[in-house]
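Q: Sequence:
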Amino acid sequence: MDLEQRLTALERRLTALEGADPPSTSTPPAPPTPPGDPAQAEPRADLWALDGFREQLADAGPEAADGGVLFTGTVALPTGARYEWQYGELTERLVEADWSPRAEVFAALGHPVRLRLLREVLSGSSTAAELSELEGLGTTGQIYHHLRQLAGAGWLHTTGRGRYEVPATRVVPLLVAVTLAGSP
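The opening position of the sequence shown corresponds to residue 14 in the numbering used here, with each subsequent residue numbered one higher.
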């Protein structure tokens with residue numbers, strides 16, 4: 014893509030951003046893209062991130078012909094920590110990959126106490142002692158069991174002195190997973 018095309022694309026995205034309404038929690042999904050080149054799909058102001066991703070896929074060449082997925086987020090937590098993160102993967106790589114090693118990562122999220130522990134850690138409770146003072150999480154032994162499960166799956170790690178945190182590379186994916194679980 015030459016400089017003029019890139020500048021035109023950037024101006025289009027900037028115009029879309031400036032004219033876009035604030036994100037809604039109930040934005041309807043985009044209609045399916047008609048068969049053909051996804052890079053040729055009609056731009057929509059409400060799908061500015063998707064339009065940018067389509068451009069990246071078009072620049073990636075034939076290996077990106079089947080499209081891909083993109084996760085992105087900018088997050089400010091109650092603790093004051095800020096995270097900006099994005100990750101994209103090609104559809105072909107995802108579909109052809111062995112998904113079974115990912116089961117443990119999903120399984121760790123499959124318990125209400127573990128989900129609450131993650132929420133509490135994101136909100137600032139970072140030690141087992143602080144977490145054990147909260148109602149409804151169980152005994153200290155049960156809390157440690159759940160913390161080990163979360164750490165083993167990569168959702169938590171220790172930062173020393175018994176403090177837990179959600180790794181920076183997992184904050185946005187965790188919030189994406191929670192969002193997906195609550196979406197219609």
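Mixed in with the good hints there might be a few duds.
Said to hold, decoys possible - Quick list of simulated restraints, FRET-style, between CB atoms: (1) L107 x A142: 39 to 45 Å; (2) A73 x L147: 44 to 50 Å; (3) E146 x A73: 45 to 51 Å; (4) P125 x A58: 24 to 30 Å; (5) W112 x A164: 19 to 25 Å; (6) H170 x V191: 25 to 31 Å; (7) E143 x D111: 35 to 41 Å; (8) A78 x V191: 29 to 35 Å.
Don't read these hints as lab results, they were simulated from the structure.
Remember, it's a predicted structure, so these values are computed and weren't measured experimentally.
For glycine and all other residues, C-beta sits at the position ideal for the given N, C-alpha and C.
Q: If a hint holds in the structure, say so; if it does not, say that too.
A: We went through each hint and held it up to the structure:
1. L107 x A142: 39 to 45 Å: Since the Cβ atoms of L107 and A142 sit about 40 Å apart, the hinted range of 39 to 45 Å holds.
2. A73 x L147: 44 to 50 Å: 46 Å, holds
3. E146 x A73: 45 to 51 Å: This hint holds: roughly 50 Å between Cβ atoms.
4. P125 x A58: 24 to 30 Å: 38 Å, violated
5. W112 x A164: 19 to 25 Å: Between W112 and A164, where Cβ atoms are some 22 Å apart, the hint holds.
6. H170 x V191: 25 to 31 Å: With a Cβ separation near 19 Å, H170 and V191 fall outside 25 to 31 Å, so the hint is violated.
7. E143 x D111: 35 to 41 Å: Roughly 38 Å apart at Cβ, these two residues keep to the hinted range, so it holds.
8. A78 x V191: 29 to 35 Å: 32 Å, holds
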